[in-house]
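**Student:** So the chains spell out like this:
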Amino acid sequence: MTVSSMTAAMVALASLAMLGDSQSEVVVGIVGAATLGSAFTLPTATGRKYNVSVAVAVAAPPLLMTAEISFRMRPTATAILMGVLGAQAQSLLRGASPAKMLLATGRFVALSSLLFGVYATVAGWAWPLVAPDRAQVSLIAAGAAAVAWFVGHMLLPSVGERRAGVIHRLQERLPEWPAAVTLLASGAFFGVVWQEMTWWWATAVAVIPYSFAHVGFWLSERTAGTYRATIQALSRVPEVAGLTPDGHGSRTAELSLAIADEVGMLAVDRVELERAALLHDIGRLTLSQPSILRRGFSDEDIARWGSEMIREAPTLQGVADIVSHQHEPYRRPGEQFDPALPLASKIIRVASAYDHATTELGFLPLEALELLHRGAAYDFDPDVVAATRQVLDRDSTL
Amino acid sequence: MRRVLVRGVRVRRRINQWVLLGAGYLTVGIAGLSFLFISQDLPPLIPILSFVALGGFVEWRSVEVSPKLRASSTVMVIVAAGVAFQSYGSGLAMALVAITGAIGPVDLRERRIFFPATNIGQLVVSAIAGGAILDAIMRDVVETMGLLGIALAAGAAGLFQALVNFTQVAIIVRLLRVAHEASLLSGVGRVLPAYSLLSLVGGLLGATYVLVGPEVMPFIVIMVLMGHFAATSYAGVRESRESTMKGFIKALEARDLYARGHTERVSNFSRMIGEELGFSDERIERLRWAALLSDVSSLAVPRDLLDHQDHLTEEEQLQIAAYTQTVDEMLTKVEFLRPAMQIAKQRSFARPPVDGGEPGLDAHILGVAKRFDQLTAGGPRTAARSQEQSFDLLRFGREQRFRRDVVDALGRAIARTGMRYGAVELTTRLTRDDIAKRRMYERG
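So the sequences go chain by chain: Z and F. Our numbering numbers the first residue of the first sequence as 1 and each following residue consecutively. Our numbering numbers the first residue of the second sequence as 1001 and each following residue consecutively.
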């Protein structure tokens, strides 16, 4: 309902702005498709989602380019302005703050300008070489513009992002390339073929193959959700058996993720961290054996048993490595700290100790933090403890 | 000695059959390709090679998106090539792309000759059939219906090609009596709509190539590859999820000497009963999962309670029920485990199902499989029984709560495999009462 009324409003606005212009139909079509596309998102490997209107944005330059291989000011500016309005309307609907709305608008204008600028430059350069083949110009220029958009998207900060380092942002967003390529190629495909066939057929030719990929990515995300739920359910088994405190796994995972976010861990690594945090006490299931209880056990045993169990799953080898190191202190007296110790293991150690202190020992958050501070540099990584403090400060827990 | 000789002759005869069929199909394939090369023009080299490379890649990297469906976009690429090069003759372009699927990674790994040789002939014949349909329909329909006509012609051609292909596979399977290959044919009906749809999309892409020119080739490649990537990604996550669950069950089981291999065996017995009763593949898969999951909840039960299961007080029984029910509820919340958990929850006939009704057939199968394994494998306090004695106890022992048809199905399935489970016969004897019940049973 919201989408259809937004589409109608945007189309009406665009029609009004383009009244009497020769490219009015094209602009209205672009604005309508972009608004409609904004209702759909394509999931990526990092958990971030791409708006389908990105495909419409890539298709826009070839649609608006005139026979003289240039852009006219009014239609181009109208299309971008409508996009800005649409982005703002979406931010408003999501309840974003004015600062976030400003950032979203700035990002949209920058990426749109990059898209049109690169398209115009490359088309102007390619036209004398391949004229009069318009399709070839569109192919070269749309390809260049799509690449420029993705690079710009990776480099520009986005709304709600904590880390601002360019290298970090590149590393964080590079795994999103399959979804980005699918959307950008679909948009560029439409932009190249639309002149040779009717609007409807060009839409069908671009949208039908895209929808196959869309369904595949969507199923993949949905299955990843049930995979997460499976691991969560398994992590609860030692809790039901009374071998760990109720909810310890999920609380540790939640705090670990917050700390990981604070220290700037990449999204792909955060997935493994969450799984390891949920399963870090799975080795305790072995404690149901009376012989083991009689013999006694250490934290190292729990970590080893847990990692042995997890290692049976071929795709969880990384998680098993993290769990196998969770018992190791940051540094032993008289020794240097081990640089090979995984950051995820250090985070889980801190998060688990904090949860143990606040739930089992009955400490207040500040007292638990003090316990972590006292153990910093030996038991716990000081950077991770500092990040924990930041997280608790930010959440007003302290 | 005579038996060995007879068996040797049979094996030799069978090998001769395979060689003859492989050589025959290879000859047909080469003859078909030669005919196409003579009767049709060769399409432009770079574009057709692009289609061939694309088709080969997606076929080589085909993935299993469900137990019965391997996703491959090859049919889409074959039909797209047929439409794109229809002016040269669709058959040759389609055959060139199709034969890239003749040899797969498994053939290379196992150094198989028969399958690739047979595939070449089979794929060329299917491509010629599909190409003929495409040529015939496109000639008449395109002028009146335009792009829609091309798409429909492509869909029909893809469907016809698939039908010709499956018919040939069915003939080969019947000739060679390859049982495990025969099961592949049971899912044909479900695959055909997907083939038509993929062919239709292939037709659209091919038509775009005709209308716009080779400029669209990079887009065709990207769109097919990204669709394939999405399917691969989905199959990968699905496989991870299932292997994680199976790996965990295996690891947890390994910690208990008597439980080691139990779920895997129960899962195997359940599958055998399901197959014997003619269940669909989905139902058998669900049963297998139920068997794997049926013991996860026992992990939450303290060991001392589990070890004294034979003489528990009422309070202890309630305690066990509370532990297992909590884990059952947790696992039921996981969407993909839910159907299997509905069966697994009824694992114990000691208490009625949660909804108060009678246990379903699937629950009976699981119950029989579990009890049969417990009897034949033994436990910390009970000796393993022989296979015959275990069946006797299941049929008319004190625990006469299992459905007779399910027990008989397991008996038939095991007899067919020739395997024997449990202790050697005569290690323990039935009671006089049991023997009396057995006689009554045999009299019907």
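Worth flagging that the hints you see were computed from the coordinates, not collected in a lab. C-beta atoms are modelled at their ideal positions from N, C-alpha and C, and glycine is treated no differently. It is possible that some hints are incorrect.
[Unchecked claim] Computed far set for chain F versus chain Z, every beta-carbon distance over 12 Å:
| id | residue |
| --- | --- |
| 1 | 1020 |
| 2 | 1038 |
| 3 | 1205 |
| 4 | 1224 |
| 5 | 1231 |
| 6 | 1236 |
| 7 | 1240 |
| 8 | 1251 |
| 9 | 1299 |
| 10 | 1326 |
| 11 | 1331 |
| 12 | 1338 |
| 13 | 1415 |
[To be verified] A short, non-exhaustive set of chain F residues, derived as facing chain Z with CB atoms under 7 Å:
| id | residue |
| --- | --- |
| 14 | 1144 |
| 15 | 1210 |
| 16 | 1211 |
| 17 | 1215 |
| 18 | 1217 |
| 19 | 1221 |
| 20 | 1230 |
| 21 | 1233 |
| 22 | 1283 |
| 23 | 1284 |
| 24 | 1305 |
| 25 | 1336 |
| 26 | 1419 |
| 27 | 1421 |
**Student:** Confirm or reject each hint.
**Tutor:** Evaluation of the provided hints:
1. A cut-off of 12 Å between C-beta atoms confirms that residue 1020 of chain F is not in contact with chain Z; the least separation is 41 Å.
2. For residue 1038 of chain F, the requirement that its beta carbon stay farther than 12 Å from each beta carbon of chain Z is met, with the minimum near 34 Å.
3. Its closest Cβ contact with chain Z, about 7 Å, brings residue 1205 of chain F to no more than 12 Å, contrary to its assignment away from the interface.
4. For residue 1224 of chain F, the requirement that its beta carbon stay farther than 12 Å from each beta carbon of chain Z is not met, with the minimum near 7 Å.
5. The claim that residue 1231 of chain F lies off the interface is violated: its Cβ sits roughly 5 Å from the closest Cβ of chain Z, which falls inside the 12 Å cut-off.
6. For residue 1236 of chain F, the shortest C-beta to C-beta distance to chain Z comes to about 8 Å, within the 12 Å cut-off, and the non-interface label is violated.
7. Once the 12 Å rule is applied to beta carbons, residue 1240 of chain F is inconsistent with being away from chain Z; the minimum gap is 4 Å.
8. Consistency note on residue 1251 of chain F: stated as away from chain Z, yet its beta-carbon is not over 12 Å from all of that chain's, at 4 Å minimum.
9. The beta carbon of residue 1299 of chain F is not kept farther than 12 Å from every beta carbon of chain Z, the shortest such distance being approximately 5 Å.
10. Annotated as non-interface, residue 1326 of chain F brings its C-beta within 12 Å of a C-beta of chain Z; the closest such distance is 5 Å.
11. Its beta-carbon lying about 5 Å from the closest one in chain Z, residue 1331 of chain F breaks the requirement of being farther than 12 Å from that chain.
12. Not every C-beta of chain Z lies more than 12 Å from that of residue 1338 of chain F, the closest at about 10 Å, which undercuts listing it as non-interface.
13. No beta-carbon of chain Z is positioned within 12 Å of the beta-carbon of residue 1415 of chain F; the least distance is around 33 Å.
14. With a least beta-carbon distance of about 16 Å to chain Z, the hint placing residue 1144 of chain F at the interface is violated under the 7 Å criterion.
15. For residue 1210 of chain F, the interface hint is violated, the least distance from its beta-carbon to any beta-carbon of chain Z being 10 Å, above 7 Å.
16. Hint on residue 1211 of chain F holds. Least Cβ distance to chain Z is approximately 5 Å, under the 7 Å limit.
17. Interface restraint check: residue 1215 of chain F against chain Z, minimum CB-CB distance 4 Å, threshold 7 Å, status holds.
18. Below 7 Å, beta-carbon pairs count as interface contacts, and residue 1217 of chain F has none with chain Z, the closest being about 10 Å; its hint is therefore violated.
19. Here the hint on residue 1221 of chain F is broken, as its CB sits about 9 Å from the closest CB of chain Z, past 7 Å.
20. Look at residue 1230 of chain F: its Cβ gets to within about 2 Å of chain Z, closer than 7 Å, so that hint holds up.
21. A hinted interface residue such as residue 1233 of chain F counts as satisfied when its beta carbon comes closer than 7 Å to some beta carbon of chain Z; here the least separation is about 4 Å, so the hint holds.
22. Using the Cβ-Cβ criterion of 7 Å, the hint placing residue 1283 of chain F at the interface with chain Z is not satisfied: the shortest such distance is roughly 20 Å.
23. With 7 Å as the threshold, the beta carbon of residue 1284 of chain F stays out of range of chain Z, its nearest partner Cβ sitting at about 21 Å, so the hint is violated.
24. With a least beta-carbon distance of about 10 Å to chain Z, the hint placing residue 1305 of chain F at the interface is violated under the 7 Å criterion.
25. At a threshold of 7 Å, the smallest CB-CB gap from residue 1336 of chain F to chain Z is about 5 Å, leaving the interface hint in force.
26. Because the smallest distance between the Cβ of residue 1419 of chain F and any Cβ of chain Z comes to about 26 Å, over 7 Å, the interface hint for this residue is violated.
27. Hint status for residue 1421 of chain F: violated, given a least beta-carbon distance of 25 Å to chain Z, over 7 Å.
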